[in-house]
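K.L.:
Chain by chain, the residues:
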Amino acid sequence: MADSALAPKLRLAVQAGLLLAVAALAYGATTNAADKLARQGIVAGFGFLRRAAGFDISQTLIPYAAATATYGEAILVGLLNTLLVASLGIVLATILGFVVGIARRSPNALARGLAATYVETLRNLPLLLQLLVWYVAVRVVLPPALEPAVFAEGAFLTQRGLFLPRPDFSGTGWLVPAAFLLGIGATLILARLSRRRIEAGRTPLPVLAAGSGLILGLPALAWIGLALAGRVIPIAFPARGPYDIEGGLAVQPEFAALLIGLSTYSAAFIAEIVRAGLDSVARGQEEAAQALGLNRAQRLRLVVVPQAMRVIVPPLTSQYLSLTKNSSLGVLIGYPDLVHVTMGTVLNQTNQAVEAVAITMGIYLALSLVTSVAMNLYNRRVALVER
Amino acid sequence: MGVLTKPCWAEGSRPAWTRRVLGPNRAGSRGGVLAIGTLGEGCCAAITPAWSSGVNPALDRAGGFEGNAGAEKAGESDARADPIPLKDAIPAGSSFGRRAGSRPVRWGIGILAAALLLAPPAQAQGILAQVKARGHLVCGVSQGVAGFSMPDSQGQWRGLDVEFCRAMAAAIFDDPDKVRFIPLASPARFTAVQSGEVDVLARNTTWTLARDTAAMNFGAVNFYDGQGFLVRKDRNIAEVRQLDRATICLQQGTTTELNLADWFRAHGLTQSVVTFANSEQTLSGYESGRCDALSTDKSSLFGERLKTADPEAHVILDELISKEPFAPALRQGDDQWRDIVTWTHYAMLNAEEAGLTRENVEATRKAPASPNVRRILGLEGRYGQDLGLTNDWAFRIIRHVGNYGEVFSRNVGEGSALKVPRGLNALWTQGGLQYGPPIR
Ligand SMILES: N[C@@H](CCC(=O)N[C@@H](CS)C(=O)NCC(=O)O)C(=O)O
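Line order of the protein sequences matches chains A and B.
Heads up: the first sequence runs through residues 1 to 387, numbered per UniProt numbering.
Heads up: the second sequence runs through residues 1 to 440, numbered per UniProt numbering.
Be aware that one or more of the hints could be misleading.
As the list claims (entries may be wrong) - Below, in silico cross-link-like pairs of lysine to any residue (SDA-like), each with a Cα-Cα straight-line distance of 25 Å or less: (1) B/Lys233 to B/Arg358; (2) B/Lys233 to B/Ala261; (3) B/Lys307 to A/Leu132; (4) A/Lys325 to A/Glu272; (5) B/Lys323 to A/Ala67; (6) B/Lys323 to A/Gly54; (7) B/Lys307 to A/Val133; (8) A/Lys325 to A/Leu61; (9) B/Lys323 to A/Leu132; (10) B/Lys307 to A/Leu129; (11) B/Lys233 to A/Pro242; (12) B/Lys178 to B/Arg358; (13) B/Lys307 to B/Pro151; (14) B/Lys307 to A/Ala137; (15) A/Lys325 to B/Gln281; (16) B/Lys307 to A/Pro144; (17) B/Lys323 to A/Pro242; (18) B/Lys233 to A/Glu246; (19) A/Lys325 to B/Asn278; (20) B/Lys323 to A/Arg51; (21) B/Lys233 to A/Gln159; (22) B/Lys419 to B/Leu317; (23) B/Lys178 to B/Gln156; (24) B/Lys233 to A/Pro144; (25) B/Lys233 to A/Glu147; (26) B/Lys323 to A/Thr350; (27) B/Lys233 to A/Gly241; (28) A/Lys325 to A/Ser368; (29) A/Lys325 to B/Thr191.
Hint data in this document are derived by calculation from the structure and do not stem from the laboratory.
Using the sequences and the accompanying hints, generate a full structural model.
P.N.:
Dropping the structure here:
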């Protein structure tokens, strides 16, 4: 029929036309905005990123001095703070979420009840509220700045944070973190070899013991080696100052509250995803594993969870994306993340609203895309597990 | 159901564009004339029904639009006349209406709507005209700084900045209540001015060069201030210097965060800061012990101190580390509006200098003493008209709001809980900086 032969072409034409219209609209909107800005006398452009910032930021992972740093560096500091809290949050939320999710399918009624209560409480309260509660809690429960709880030599806990000794890995000291990474790499290789052996019907390698030995032992060896070579790694110990514990590594209460709040909240959702994943695995699988004589931990680790991952990973990706975006709520508890620094301070001190918004949106978009791509790759791997 | 709405364009003028359209009732399919005119910056549209002999009579009326009267006449006939289906109203062969609702038409409408949204703004009408047409002033204030802008227990906005906006409303409308207050956090306030969300921003906002050149203008300084510190009394801190190595809570997007970094650096001292997005969080940070000091404009510190659980346990340091002249901000590019914003404050200063108060101004107006007072009260000259207002503009301000000294005392000074000394904000005749250029 002529009609059906024509239809695809027509549809294509319509699609093309629509695409053109959208492009034209986008172009019109951009030029219009630029025109309006120019008329208001606002200089558009990103030149301001190289101008001196002149304000302080409470948590900086890279050297940052108000006097010399630029707006660009300030934004980078904010971005790193976002990455720090989001990546740690993802790790903690995943661990906690799996524990709670598995507990919801536990044979133990108490564990089931606790897990259900956890999920229903945390996911039904607004995250912002939870963050505020955590932030108040951190400050109320912990002792004042100059009456710290000392729980080990050089480690203090006050309402202004957790202060720990900080080794200085600058200079040849980089060997220690390098040895640490090497240990992780070696352990991963070991794990893979072990799996091959299992698949080939041979006995597995002692991955756990050897791995922890490598991950802890290699850096320790590097440390001792450097010390013997006369390059002792300096350690900055926190000490009492006139107002505060100073020096060392400080974990600030804003960061702690945000990290705890984000990971416990997201864990509730992840727990539900995990539970759904476990339920999706046919009962027969577990029964068969039981018949083989595997204990519950083995059944979960070797049989049920790997199959559940196919169902778990796609929604898990969404959770990781939400967690990253939710980290911007840290603005309300004074955590200097990307939004706090860029939208709160930089935008206002420079009045470059369009650019600041564009930078923030661009970065979040990029972060989300990278997370999605990584999770999709992982998903492809776990999907292959299907037999 | 009548679809007539009153024409919303200026009386006597014609709509820019008319178009026959379908009525809202599908079965009856009543026709009408959609007319689009311009009012201020925006477009407005009205639909008048078309009936009897096709669309013509209504179209004529719609086109002619003898002001509201014409529209009302059309409304009467709406009640009387039988609606006729649009297919009869539209000449045969007209393509309009037949395909209405079909996909291309819907797309066309969508694209047209998008084009309208994206269209560059019509030549801007002055802010004063927009305010008058709207019937009230939109004024940006803080979310709660005692003495400057804060809602009281009845939800009424109170404060020096609030009264500045009321004074403007009094000058424009002879009614100090024709103001809508929009509370804005520090980081949100300038976009609100630049985008036109507020007509004026009276929000303890420091006038700086960078802000002045960022598509904004500033009126006259209505409060001279400086940045100060609130500390716990039991820490025995007397000078800012002693805050070396201390942690300080402050609000972001302010001059405060810039001054603080500057000052400590210039004095070879170090400090840590925790910056928050709003004043509540800042205060709670300080009160909870997260910070050793809270820093902001000294004038705000009086109110913040009173908000703490035990005000007696906190002191405000005498020292100031910066200049913070507060002035109302407005969108750049409207000289008339800028004059009104500026002279609203000057009128209040001139009133104070001339001894005109809320109490005595009515009586004084009946028997004005000096030529200066006659000019202020609009009995001589046409100063108000030249501003785009009425000649009694300043009289309205004084009668409804009062002179600067009264407003100061009532909100932040002796007559208030804050008891801020007049200091730099005294009239120039009393050793202060408040100096109103002459009204003449
Ligand atoms: N005058 C300074 C600071 C103004 C400012 O925002 N101060 C804070 C400190 S208390 C405030 O008013 N907050 C009230 C609010 O956010 O509503 C400026 O213009 O940058």
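K.L.:
Each hint: holds or not?
P.N.:
Cross-check of the supplied hints:
1. B/Lys233 to B/Arg358: 40 Å, violated
2. B/Lys233 to B/Ala261: Measuring from Cα to Cα gives roughly 24 Å; hence the hint holds.
3. B/Lys307 to A/Leu132: 19 Å, holds
4. A/Lys325 to A/Glu272: Holds, because 20 Å separates the two Cα atoms, which is no more than 25 Å.
5. B/Lys323 to A/Ala67: 20 Å, holds
6. B/Lys323 to A/Gly54: 17 Å, holds
7. B/Lys307 to A/Val133: 21 Å, holds
8. A/Lys325 to A/Leu61: 20 Å, holds
9. B/Lys323 to A/Leu132: 34 Å, violated
10. B/Lys307 to A/Leu129: Status holds; Cα separation ~22 Å.
11. B/Lys233 to A/Pro242: Judged against 25 Å, a Cα distance of about 16 Å means the pair holds.
12. B/Lys178 to B/Arg358: 19 Å, holds
13. B/Lys307 to B/Pro151: Answer holds: B/Lys307 to B/Pro151 is near 14 Å, not above 25 Å.
14. B/Lys307 to A/Ala137: 21 Å, holds
15. A/Lys325 to B/Gln281: 22 Å, holds
16. B/Lys307 to A/Pro144: Satisfied, since the Cα-Cα distance of roughly 21 Å is no more than 25 Å.
17. B/Lys323 to A/Pro242: 29 Å, violated
18. B/Lys233 to A/Glu246: Between B/Lys233 and A/Glu246 the Cα gap is close to 23 Å, so the pair holds against 25 Å.
19. A/Lys325 to B/Asn278: It holds: about 21 Å lies between the C-alpha atoms, which stays within 25 Å.
20. B/Lys323 to A/Arg51: Holds, at roughly 23 Å.
21. B/Lys233 to A/Gln159: 20 Å, holds
22. B/Lys419 to B/Leu317: 15 Å, holds
23. B/Lys178 to B/Gln156: Given pair B/Lys178, B/Gln156 holds - Cα atoms ~13 Å apart, limit 25 Å.
24. B/Lys233 to A/Pro144: Holds, at about 16 Å.
25. B/Lys233 to A/Glu147: Given that 25 Å is the threshold and the Cα spacing comes to 18 Å, the pair holds.
26. B/Lys323 to A/Thr350: Distance ~20 Å between B/Lys323 and A/Thr350 Cα, so the pair holds.
27. B/Lys233 to A/Gly241: Holds: B/Lys233 and A/Gly241 sit about 19 Å apart, inside 25 Å.
28. A/Lys325 to A/Ser368: Given that 25 Å is the threshold and the Cα spacing comes to 9 Å, the pair holds.
29. A/Lys325 to B/Thr191: Distance ~23 Å between A/Lys325 and B/Thr191 Cα, so the pair holds.
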